[in-house]
Amino acid sequence: MLVTKYVITSSESNILPSDIAMKIYGSKYDVTVKETCFGVVINGEEDAINALIKEIRALDPAGIFIKDRGFPPGDPRRCRGRRGGGARPGFYMIEAESKMLPMITRAMASEGEVLAIAEKKKPLAIKRLEEIIHEDLS
Amino acid sequence: MAKVIVYPPTSMILSDLVERMGHKALVVPQAVRNLVTANEIDSPPLNVTPEEPKKGLRYAAVDVPSGVRGRMSLIGPIIEEAEAAIIVGDPGWLTGCAGCSRTNELVRLLIRTKGIPVLDLSYPTNDPEARAFVQKIKTFLEGLK
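So the sequences go chain by chain: A and B.
Okay, so the first sequence: first residue is 1 according to this note's numbering, each after it adds one.
Okay, so the second sequence: first residue is 139 according to this note's numbering, each after it adds one.
These are computed hints drawn from the structure, not numbers from a lab.
Errors might be hidden in some of the hints.
Derived DEER-like restraints, expressed as beta-carbon distance ranges [what the hints assert, rightly or not]:
#	chain 1	residue 1	chain 2	residue 2	range
1	A	Leu59	B	Glu178	35 to 45 angstroms
2	B	Pro255	A	Arg82	37 to 47 angstroms
3	B	Gly230	A	Glu45	35 to 45 angstroms
4	A	Asp19	B	Glu178	38 to 48 angstroms
5	A	Leu59	B	Leu247	36 to 46 angstroms
6	A	Glu12	B	Glu178	37 to 47 angstroms
7	A	Ala125	B	Asn177	49 to 59 angstroms
8	A	Arg82	B	Ser260	34 to 44 angstroms
9	A	Arg82	B	Gly253	42 to 52 angstroms
10	B	Gly205	A	Asp136	43 to 53 angstroms
Here are the simulated lysine-lysine pairs, DSS-like style, with alpha carbons at most 27 angstroms apart [said to hold, decoys possible]:
#	chain 1	residue 1	chain 2	residue 2
11	B	Lys274	A	Lys122
12	A	Lys54	B	Lys274
13	B	Lys276	A	Lys54
14	B	Lys162	A	Lys99
15	A	Lys121	B	Lys276
16	B	Lys162	A	Lys23
17	B	Lys276	A	Lys122
18	A	Lys28	B	Lys162
19	B	Lys162	A	Lys34
20	B	Lys283	B	Lys252
21	B	Lys276	A	Lys99
22	B	Lys274	B	Lys162
23	B	Lys141	A	Lys54
24	B	Lys274	A	Lys121
25	B	Lys141	B	Lys274
26	A	Lys122	B	Lys252
Residues from chain B shown here face chain A by an in silico Cβ test under 8 angstroms; the list is partial [said to hold, decoys possible]:
#	residue
27	Pro183
28	Thr233
29	Ala268
Only a predicted model underlies this, so the values are computations on that prediction, with no experimental measurement involved.
By construction, the Cβ of each residue, glycine as well, lies at the ideal position given by its N, Cα and C atoms.
Next up, chain B with everything else stripped away, as it sits in the complex (with noise of 0.2 angstroms):
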């Protein structure tokens, strides 16, 4: 079973797929999870406190905007945990997490620099894209370790 790491990393498609296929998809709402349901409630609501846009400097400068930042204290860890990737073209209906380019872009850049097995893919659009949108996925997933 691998980790792989799914772009929209809030895709219910893709990691649904990963999933299917026996490997463990490595998504945001899990990073998420453990920061809004934690015991300690330390910045209410979203428990998001001065300590995540400094995790983020581990993946971004200083000057970076800090909502960059702060995303990245929740996906680069994800990041770095993987051991392939799935990318699907930026679809442009991105929301929320993932709903910021700059940090999608370096998102992008970190797994491809990583140097790991990478998927790319773009939604499909039809019934015959469908179906090789879904045999690729499960090719690549298949040779996998």
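Okay, chain A solo, but in the shape it has when bound (with noise of 0.2 angstroms):
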């Protein structure tokens, strides 16, 4: 079966997407890659795929993320060039977590100790505030 994989590079990832583009140029895999700004967008069948994967997660292990994606490279449906531009509507989540990925790629490269986070602030709870009215009432 054929599977479509976004590779999406980590902002402070010294791998380039070209980078990523070459390497699978440059191996014994029968897919298609189309480069993008934020990455590559790898098709083919599912083992050479995930065999692919392996390889390129290899260049920088914490700084490459890999998602599945729907449609084939390139189809019409989704292709900005034959739809008159406009980011497709999955772009603006890629681009919304893309944000994260240094902070991701860094806590995953970090072997230390994990800090405790203080707890958000919760609101009330009803039966302490019924207790609270009973309170100033009685």
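Once you've looked at the hints, go ahead and assemble the two chains, each given alone in its own frame, into the complex.
Okay, here's the thing in structure tokens:
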């Protein structure tokens, strides 16, 4: 079965989308690759893609992220070149999550102790509110 | 290897972390792929036929908007398949198939009422939170069979 995956690089990674594309061109796998501003889109048989992903991840284990995509690369139903411009709907999700990738990359790369995070303030429980009301009224 | 559904169902970070830990991430693009790359496109361009909202009836009542039922026809079977779940609080920028608030409420409800292990998180905003975020996911996934 043909599958399509996004290979997305963290903005702090030393690996560029063109490096990944060159790695794929030089590989033995029969896959289609499309280079984008945030990474590459690869399309091919599932086994080939899975094997290729392992090789691509090895370039920068903490800085390269993989995401599934439903549509094949360049599909006219999604390609903005055919739709008159504008980002496709899924790009906004990638854009928003890409801003967090450097933090996630650093978190995965660090092997230090994880600091305890103070829990965020929760709204007052209804029971406690009732108690306060009763205390004030009594 | 466990099948782990992630919420948001199109999240790159969550699906990547799940796959890194050796589990299978259940995400919407896989369901979309089955629909749009089928050999027989019955309803171009996206192959969403009147059958899809009918499939959604399994998860939502008939008076629920067809958009919710159409989305549930994709997400519902994934929830049924899931053996564990990672839910990250609504970040406010969900788009496309994950951009319907009512569907998202229903998805979260169905995941929670299914009785599978669920990990609740928020997206990190700084480095210490990111380290805790990754560590919690790692611990949760290591605990799955």
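May I ask which of the numbered hints given earlier this structure violates, with the numbers listed in increasing order?
-> none
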